[in-house]
Amino acid sequence: MFAAKLHKLGDVKETSKQRFGSELQANLHAVKEVLAAEDVLVHEFFAGDGTRCAAVYADGITDKAALGELVILPLTRRHAPADARQVCACLCFPETRLAPDAETAAGEVLAGNPALFVDGVDGAVICGTKLVAARAVTEPQTSVTVKGPREGFVEDIKTNMGLIRKRIKTPSLRFEVLEAGRQSHTAVCIAYIEGIADKTVIQSVRGRIAAIDIDNVPDSSYISKFLMPRPHSLFKQVGTTEKPDILCAKIAEGRVAVLSDGSPIALTLPYMLEEDFQSSQDYFVSPYRATVSRLLRLFAVLLSVFLPAFYVAAQLFKLRLLPFALLLTISGGIQGIPLSPGLEMFFLLIVLEILIEASVRMPKYVALALSVIGALVLGDTAVKAGLVSSPAIIIVALSGISAYTVPDLAGTVSVVRIVYILVAGSLGPYGILLLTALLLYYLIGSDGYGVPLLAPFAPLIRRDLRDALYKANIRDLDKRPAVLGSRNQTRLRTRKNKENAHG
Amino acid sequence: MDNIKLRQICFYFACMMPAAKLLIYPATLAYDTKNDLLLAAGLNFAAQVLVLGAVLWLSARTDRTFFALLEGAFGRLCARIVYCLCAAFFLFSALFPMLEQRVFVTQVLYENVPSVLVYTPFFAVSFFACLQGLRTLGRAADVAMPLFAVSFVALILLAAPHADFGALLPVGRTGAGIFRGALFGVHRFADCLYPLFFLGHFRREKKTAGKVLAAFAAGALAVLVFLAVFYGIFEDIAVLRQNSIAHISKYTTSFTSLGRIDFLFIFALTVVQIFCLCVPVQLCVHCLRTALPRVHPLFFAAAANGALLTAVLLLNDTFLEVQQLFTQKLWAVFLVFAYLLPLAALPLCAAKKNKKREDGDG
Chain C
7 MFAAKLHKLG
17 DVKETSKQRF
27 GSELQANLHA
37 VKEVLAAEDV
47 LVHEFFAGDG
57 TRCAAVYADG
67 ITDKAALGEL
77 VILPLTRRHA
87 PADARQVCAC
97 LCFPETRLAP
107 DAETAAGEVL
117 AGNPALFVDG
127 VDGAVICGTK
137 LVAARAVTEP
147 QTSVTVKGPR
157 EGFVEDIKTN
167 MGLIRKRIKT
177 PSLRFEVLEA
187 GRQSHTAVCI
197 AYIEGIADKT
207 VIQSVRGRIA
217 AIDIDNVPDS
227 SYISKFLMPR
237 PHSLFKQVGT
247 TEKPDILCAK
257 IAEGRVAVLS
267 DGSPIALTLP
277 YMLEEDFQSS
287 QDYFVSPYRA
297 TVSRLLRLFA
307 VLLSVFLPAF
317 YVAAQLFKLR
327 LLPFALLLTI
337 SGGIQGIPLS
347 PGLEMFFLLI
357 VLEILIEASV
367 RMPKYVALAL
377 SVIGALVLGD
387 TAVKAGLVSS
397 PAIIIVALSG
407 ISAYTVPDLA
417 GTVSVVRIVY
427 ILVAGSLGPY
437 GILLLTALLL
447 YYLIGSDGYG
457 VPLLAPFAPL
467 IRRDLRDALY
477 KANIRDLDKR
487 PAVLGSRNQT
497 RLRTRKNKEN
507 AHG
Chain P
547 MDNIKLRQIC
557 FYFACMMPAA
567 KLLIYPATLA
577 YDTKNDLLLA
587 AGLNFAAQVL
597 VLGAVLWLSA
607 RTDRTFFALL
617 EGAFGRLCAR
627 IVYCLCAAFF
637 LFSALFPMLE
647 QRVFVTQVLY
657 ENVPSVLVYT
667 PFFAVSFFAC
677 LQGLRTLGRA
687 ADVAMPLFAV
697 SFVALILLAA
707 PHADFGALLP
717 VGRTGAGIFR
727 GALFGVHRFA
737 DCLYPLFFLG
747 HFRREKKTAG
757 KVLAAFAAGA
767 LAVLVFLAVF
777 YGIFEDIAVL
787 RQNSIAHISK
797 YTTSFTSLGR
807 IDFLFIFALT
817 VVQIFCLCVP
827 VQLCVHCLRT
837 ALPRVHPLFF
847 AAAANGALLT
857 AVLLLNDTFL
867 EVQQLFTQKL
877 WAVFLVFAYL
887 LPLAALPLCA
897 AKKNKKREDG
907 DG
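Line by line, the protein sequences are chains C and P.
Just so we're aligned, residue 7 is where the first sequence starts under our numbering, counting upward by one.
Just so we're aligned, residue 547 is where the second sequence starts under our numbering, counting upward by one.
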């Protein structure tokens with residue numbers, strides 16, 4: 007029933023480009039004709055001189071207190087204004103605009119902004135008293151840091167724009183608000199710094215968003231699918247973040263950000279794979295510590311992908327990779343296991359994925375029971391029953407944990423890992439190497455918005471390596487990433503580049 | 547434009563070129579030249595330097611592609627014929643290294659002999675690489691550089707303590723065997739031809755020739771160091787040590803508590819070798835695409851890889867015969883294409899200048 011109501015709410019007739027006149031009843035009739043929904047209400051009242059006025063608003067998404075105090079009350083205390091501009095001037099509300107026709111007014115009412123009509127005044131005055139049911143700005147659960155800012159984006163696009171503006175106070179910061187979704191009319195905002203972001207990227211992003219012809223855009227992930235240069239790729243091609251400090255840093259480097267109303271996840275373009283190996287904390291700790299952390303993340307991801315595969319290959323094809331003592335321990339552990347190594351590993355990885363999937367969706371109070379079932383029943387008992395071997399469980403656990411050192415890549419890693427297991431089980435070590443070569447060929451050939459996915463490694467861009475796996479001191483990061491093609495390359499003004507600038 | 551960077555060409559010569567010479571080449575060279583294997587390889591490298599120098603000289607005088615130079619001098623039809631012949635040569639030159647790697651894979655990466663089908667997915671990788679063009683070839687060199695550098699240095703450091711370099715003395719004992727070894731090794735030294743097909747696809751920088759030749763020297767040095775360590779370890783039984791890359795470091799690692807960690811470096815080098823094996827196939831497809839632009843490149847990539855796959859399957863049990871054919875009989879084909887063709891291309895630049903002058907006079 008609620009869905010049906012929503013549908014009704016959005017049911018704006020296509021043929022409603024009817025201009026308002028000065029007669030109140032006719033204007034109200036025109037609006038109600040367009041908005042037949044039951045939750046669109048009309049409040050009629052009188053101005054100080056007895057002139058009839060009316061406010062049309064959508065119940066539940068309009069701030070009725072603000073509407074009463076800042077819009078209706080000032081009008082009831084004075085003579086009715088003669089035209090729409092005077093109406094705007096006499097209200098105690100800064101965010102007003104004019105709507106000349108019923109369709110425009112209907113769109114605003116559905117967005118939560120009431121339309122004000124005064125008898126004898128042409129058109130409607132729209133008041134921006136939208137009720138924003140936003141949660142507080144809190145630390146996002148997906149990117150928790152020990153050091154550094156803890157603010158996170160929320161679902162309201164204006165709050166998010168404010169969080170960006172709070173950090174970048176330059177007039178060059180541009181927000182372009184577009185709309186996507188035939189039914190949802192979701193506000194989508196492109197944010198960039200003019201003179202730093204590449205114009206061709208901005209144009210391309212703008213064009214792709216404008217071309218989206220989908221009925222509903224509930225989240226920025228919908229937008230990201232349309233911004234991907236290779237829509238069917240397994241690998242991520244659009245950067246995502248929930249933290250304003252990270253987004254602002256990326257905008258300042260020359261990237262373009264895309265915010266979507268209703269989504270706390272901001273998108274950034276162009277995207278490079280190395281971005282996911284960076285953390286905001288890297289910039290708040292010593293560069294040595296940051297470098298070690300980044301190398302650890304890379305090692306963990308490689309371990310997560312290759313360890314199960316090489317374990318399977320080593321068992322099936324008797325690879326002498328393991329030291330003799332370890333080999334003896336493992337061979338003792340795998341004795342009597344009924345499944346083949348590949349099938350055993352595949353089965354355990356599927357169990358791991360199920361546990362992860364369930365733990366994300368399950369209510370928190372059941373999580374304890376889940377961990378007991380997952381760890382004890384599935385793990386310990388399965389080993390005791392001789393269904394799976396202890397080394398396999400250790401390897402799957404290590405692989406699963408390692409994948410989450412880079413949370414943004416965890417989804418991709420889990421799929422790639424399964425493919426590697428299948429290849430290792432069927433083709434052995436050479437299959438693993440061939441798949442690696444194939445993935446590398448795929449990655450080095452993937453460009454998005456003119457930026458290679460594997461930059462600054464392939465193609466090698468020496469200057470950009472200073473903030474890739476190796477994190478240089480902030481004093482040495484005096485230039486923006488060359489690969490982003492910004493016209494303004496200077497990030498840090500040092501004495502040396504100041505002298506160069508002055509000739 | 548399908549571009550490749552000068553740096554990537556340098557990385558190719560410094561890192562990918564040597565990777566392809568570390569499998570059976572050291573053992574076959576030891577068979578022909580014994581302790582003088584460094585001299586024979588050095589002769590091959592010296593000849594390559596001459597050819598490479600000629601191509602670089604040509605690149606300094608023109609920004610056109612080799613195809614455009616041929617077309618300007620002899621017409622489009624002739625250029626197409628030359629490019630098709632070169633494509634055939636690239637395809638042909640790719641065959642033996644593939645068979646060599648197949649032997650390496652079956653002998654080193656598996657303890658029980660696997661099916662020949664284990665090797666066949668290589669052609670899927672090669673097919674994919676062929677569709678990507680020269681840009682990907684260059685970027686593969688970028689990826690190969692750290693892989694090769696780390697793995698090669700690690701293997702040499704693990705192996706060098708066991709090498710007796712005195713085994714390389716006295717120098718010149720083999721006499722004519724040195725020249726025979728160099729001549730029989732010609733088929734492994736076709737790399738110097740590649741830059742001819744990069745003409746017009748890379749932007750010259752300051753000291754281009756110096757950089758490329760320095761990178762080539764680094765790659766050559768890596769091969770010579772490997773040969774020296776290899777012969778220093780195995781001496782008289784070096785001939786029997788095929789797949790040398792898998793053997794030189796095992797005496798260090800086998801007895802440690804870490805086990806054969808050198809396998810990790812061998813795997814990394816195998817990935818570099820996969821990239822390296824794809825290069826001639828990629829160039830074959832590049833030549834065909836240039837010569838016959840109306841045909842879809844997918845067809846060329848499929849045809850080239852299909853032909854190589856068929857050849858590998860047919861020649862599954864005849865590696866020694868193929869090796870003999872390539873080393874002892876077909877060296878002349880490699881001399882013509884890899885050495886004489888680049889040298890013969892030199893007058894094209896002059897021909898273009900003369901033509902311009904004639905046009906100017908007219």
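For the record, the hints were derived by calculation from the structure and aren't laboratory data.
Just so you know, not all the hints are guaranteed correct.
Calculated lysine-lysine pairs in the DSS-like style (CA-CA distance at most 30 Å, straight line) [said to hold, decoys possible]:
1) 485/C - 757/P
2) 205/C - 164/C
3) 231/C - 205/C
4) 551/P - 485/C
5) 242/C - 551/P
6) 485/C - 875/P
7) 752/P - 551/P
8) 390/C - 153/C
9) 153/C - 205/C
10) 164/C - 231/C
11) 485/C - 370/C
12) 153/C - 70/C
13) 153/C - 136/C
14) 136/C - 175/C
15) 551/P - 256/C
16) 164/C - 38/C
17) 796/P - 485/C
18) 38/C - 70/C
19) 70/C - 205/C
20) 153/C - 38/C
21) 551/P - 205/C
Listed next, with one range per pair, are the computed distances between beta-carbon atoms [unchecked claim]:
22) 286/C - 699/P: 33 to 41 Å
23) 238/C - 785/P: 48 to 56 Å
24) 403/C - 711/P: 44 to 52 Å
25) 711/P - 294/C: 33 to 41 Å
26) 699/P - 346/C: 32 to 40 Å
27) 359/C - 710/P: 38 to 46 Å
28) 692/P - 377/C: 35 to 43 Å
29) 294/C - 627/P: 55 to 63 Å
30) 699/P - 362/C: 35 to 43 Å
All figures in this text were calculated on a predicted structure; none of them were measured in a lab.
Quick reminder that beta carbons are idealized off the backbone N, C-alpha and C, glycines included.
(request) Any hints from earlier that this structure breaks? Give me their numbers in increasing order, please. (result) Result: hints 6, 8, 9, 11, 12, 13, 17, 19, 20, 27 break, sorted rising.
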